[in-house]
Amino acid sequence: MGVENIILRDAVMRSIRAFFYDQGFVEVETPVRLKTPCMELHIDAEPSGDHFLRTSPELFHKQLLAAGHKQIFEIGKCFRRGEFGPLHNPEYTMLEWYRTHADYMDMLADIQALISGVSKYRNLGSDDWKILTVSEAFLEYAGWDPVGHYNEDRFDMDLVEKVEPALKQFPGPVVLIDYPIEVAALARHKPSHPLVAERWELYLCGVEIANAYSELTDPIEQRRRFEACAGQRRRLGKEVYPIDEAFLQSLEKMPPAGGVALGVDRLLMLLAGADSLDAVLSFR
Amino acid sequence: MYSASDLKKGLKIEIDGDPCMITNFEFSKPGKGQALYRCKIKNLISGNTFDKTYRSSEKINRCSLMSYDFTFSYIDGENYVFSNNETYEEALLGIDLIGDLKNFIVDDMSVEILFHNDRALEITLPNFVEMEIAATEPGARGDTATNVMKPASLANGYEINVPIFINEGDVIRIDTRTGTYADRVSKR
Chain A
1 MGVENIILRD AVMRSIRAFF YDQGFVEVET PVRLKTPCME LHIDAEPSGD
51 HFLRTSPELF HKQLLAAGHK QIFEIGKCFR RGEFGPLHNP EYTMLEWYRT
101 HADYMDMLAD IQALISGVSK YRNLGSDDWK ILTVSEAFLE YAGWDPVGHY
151 NEDRFDMDLV EKVEPALKQF PGPVVLIDYP IEVAALARHK PSHPLVAERW
201 ELYLCGVEIA NAYSELTDPI EQRRRFEACA GQRRRLGKEV YPIDEAFLQS
251 LEKMPPAGGV ALGVDRLLML LAGADSLDAV LSFR
Chain B
1001 MYSASDLKKG LKIEIDGDPC MITNFEFSKP GKGQALYRCK IKNLISGNTF
1051 DKTYRSSEKI NRCSLMSYDF TFSYIDGENY VFSNNETYEE ALLGIDLIGD
1101 LKNFIVDDMS VEILFHNDRA LEITLPNFVE MEIAATEPGA RGDTATNVMK
1151 PASLANGYEI NVPIFINEGD VIRIDTRTGT YADRVSKR
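Chains as they are written, first to last, in our numbering: chain A, 1 to 284; chain B, 1001 to 1188.
For the record, the hints were derived by calculation from the structure and aren't laboratory data. Quick caveat, the model's predicted, so the values are computed rather than measured.
Heads up, simulated DSS-like pairs for lysine-lysine below, C-alpha to C-alpha not over 25 Å straight-line:
{"hint": "1", "chain 1": "B", "residue 1": "Lys1040", "chain 2": "B", "residue 2": "Lys1052"}
{"hint": "2", "chain 1": "A", "residue 1": "Lys162", "chain 2": "B", "residue 2": "Lys1052"}
{"hint": "3", "chain 1": "A", "residue 1": "Lys168", "chain 2": "B", "residue 2": "Lys1052"}
Partial chain B-side listing against chain A, Cβ under 8 Å, derived:
{"hint": "4", "residue": "Phe1027"}
{"hint": "5", "residue": "Pro1030"}
{"hint": "6", "residue": "Gly1031"}
Don't be surprised by glycine CBs; every beta carbon is placed ideally from N, CA and C.
Assemble the whole structure, with the sequences as input and the hints as a guide.
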């Protein structure tokens, strides 16, 4: 790792923190070791004694929102077992932030301002945003609409082989928005369209950088999704994590909110003009 | 069988009975989706390159490649015949497989042949071979500069650039990997 990229990381982290401090966000710290990692079909947690290392701080942040905090952010290490490649590292730095009484479109405005701010380190074409619905992108590049006709295997394969490569042609940031409800994860459905989840993903230079939701605040629906996910994990022979009851209980008091998770190392990689995390991770 | 997480650049696998090599490999995991392993793969028989994406649940056939030492015997029409140093079994290699290396195969040369099951895939010659210059313009007497080159040809017609001081009848060493002049072995 070059000296200039250590300096770059320091500068970008200062910019990111200033961006949130200036708007009155509270910087929070939440546990790295936990008993109940967030249950997602394809995300595996690293065991740590009788605990797990967090795959995301999401469930703690929502409990803080339920407890009355309105704008919070955290920058910290997260861990995902078995993920290694030019764009993956099993230990990586995540930036996560939430606003209450906001939805995924408010969060889109946030990320546009944030990316525009860090573009002083390298121009990522941030004055030329392209917003594409998942339906539009799949119809254009893969020839089918996954909304209403969702097929997990076909969706993942076409996303990786057809859609994501096509996103590289755009000069600026691309946002894929309005995902099929089957891949909503922790997002609520769109009030006007029950088959669509209020979720977006930001791609910079064809690389997935951030994921956002209008957060699901319905504890009954959230429990149903966790249980469905547990069943799928069990069928795939994957470890099934216990359901976080404290989190589900807090959802009853959680106001509507929007949230974003952003992969800091990938953003740094692009700002360094590199195509592998090797350029920005020391000791990899 | 390999599982998808064993895949890496340079690994040899078998697809539809053909030996193949992974020439490029990328771990990919879109959004909340499954882990996918995007590969560029070269078919070692046809030489064709293609893209293939494996899911983490997929199994991939191993490829058994073995190489053996052979000695060149003779040419039979379009085939070069070699005999196995241990078993004396003969192997016939077509000119299409040998390619330009045919210019550097000499009597009793020891070679290595790579097989997939019973099919020869690749022949490797010794890195250097000694050959006699059949024709070249005479060089200026006393000129021993090695950086000035001129065309020359071998008895089999192979054209090669040699230093200006090389003459007809000289024996030179040729690097079989590049087909270029290495040094002079003896003067006529």
